[in-house]
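J.: For reference, the chains in residue letters:
Protein chains: 2
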Amino acid sequence: MSALPPALASLISHLGKLPGIGPRSAERIGLHLVQTEASQVDAFSQALLTARQQVQPCEVCGGLTETQPCRICCDPSRDSGLLCVVEWPTDILSLERSGAFKGRFHVLGGKISPLNGVEPEDLRIQELEQRLEPDQVREVVIALPSDVEGDATSYYLARLLKGRGLLVSRIAQGLPAGAGLEFADGLTLSRALEGRRELF
Amino acid sequence: MSALPPALASLISHLGKLPGIGPRSAERIGLHLVQTEASQVDAFSQALLTARQQVQPCEVCGGLTETQPCRICCDPSRDSGLLCVVEWPTDILSLERSGAFKGRFHVLGGKISPLNGVEPEDLRIQELEQRLEPDQVREVVIALPSDVEGDATSYYLARLLKGRGLLVSRIAQGLPAGAGLEFADGLTLSRALEGRRELF
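Residue numbers (the working numbering), protein chains in the order written: chain A, 1 to 200; chain B, 201 to 400.
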């Protein structure tokens, strides 16, 4: 017999499904919540519903937004001729945090991965092609992960887009900022060497 | 300008207040939730409200329960003459998991701590005294933490209860199960020595 009241056990099982929350953390958070002031728990529960209802994929780029199209797609100060292709909506947040990109985005929604049954037609590639002309895109910057599937998807896109007279680039692979050579694996170093650039 | 939609930012700020959830985890969980199926998020939000509304402190022992009094206080197979005093409702769960205690519980709701403004009258000590006669309590087992405030509170309770002709005991301090001497600090070892028991 467990000493946990059933409603608490149910809450803990929901918490345990969240990413990065193991059974011990789920229990700790659940116990904390049932002992928290009720008004705070109400507000949390409401925030959960509101966020899920209001945050939707942008119809244009596929990023997360509360308005259609999203703020980035609507922002006239951003270069619509420069389009950055990412795997997931969250990748947009990472790039925005860096402040280094002033164009617009396009979310693919995955990588080509035949082993996992993901074919090109499962990704938002057609939507990407449909944006190129109306937006007068000059350059597509591919910012997919540097793993095997990211490589394959990048080459697929590059072949597809080159035929349309566009510049297709991919973000560099090399040493992470602030890292010494001793922590880099061989593949990272070989790619950092390949991508070396002349100074001055 | 943050690229986070406001409803998502609000959800993330709620998540960041949970115990053991830092800003990065909160963001990761928030992003996961807005991309989860809406019906699952509804169920989670509902579980949160239900747990908070239905789980209340037991009127008798102070443990967490959905029924009054709680299952342990109602269970006739448990020895009501043996009362274990704990600091928090969650301590009951830990002891129940061990399966080693067959009496009933009493939650103090804290430890005496003049520096933090916690005096004996802020704890559920009066409620404890009121249970002793009706329940015909023979022994009070103090299971408070083995820190300075836990020690002080234990001595306070022992002095208070001894005068009533009760046996007052405290759970042992010593080596944790499975631990070698090399990992034990000096205070643990000195208490383990003090508490040594004759074999055979």
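Hints are supplied without guarantee of correctness; some may be wrong.
Coverage of chain A stretches by chain B, computed from C-beta distances (three or more under 8 Å per stretch; other residues unrestricted) [said to hold, decoys possible]:
#, stretch
1, 31-38
2, 76-87
3, 135-142
4, 156-162
5, 175-181
Computed spacing ranges between beta-carbons, pair by pair [unchecked claim]:
#, chain 1, residue 1, chain 2, residue 2, range
6, B, Leu-375, A, Gln-53, 17 to 25 Å
7, A, Gly-99, B, His-232, 19 to 27 Å
8, A, Ser-13, B, Gln-330, 31 to 39 Å
Derived by calculation from the structure, the hints in this document are not laboratory data.
Glycine included, C-beta positions come from ideal geometry on N, C-alpha and C.
J.: Work down the list of hints and note, for each, if the structure agrees.
T.: Hint by hint, here is what the structure shows:
| no. | hint | in the structure |
| --- | --- | --- |
| 1 | 31-38 | holds (count 7) |
| 2 | 76-87 | violated (count 0) |
| 3 | 135-142 | violated (count 0) |
| 4 | 156-162 | violated (count 0) |
| 5 | 175-181 | violated (count 0) |
| 6 | B:Leu-375 x A:Gln-53: 17 to 25 Å | violated (53 Å) |
| 7 | A:Gly-99 x B:His-232: 19 to 27 Å | holds (25 Å) |
| 8 | A:Ser-13 x B:Gln-330: 31 to 39 Å | holds (37 Å) |
Checked against the numbered hints given earlier, the structure breaks hints 2, 3, 4, 5 and 6 and satisfies all the rest.
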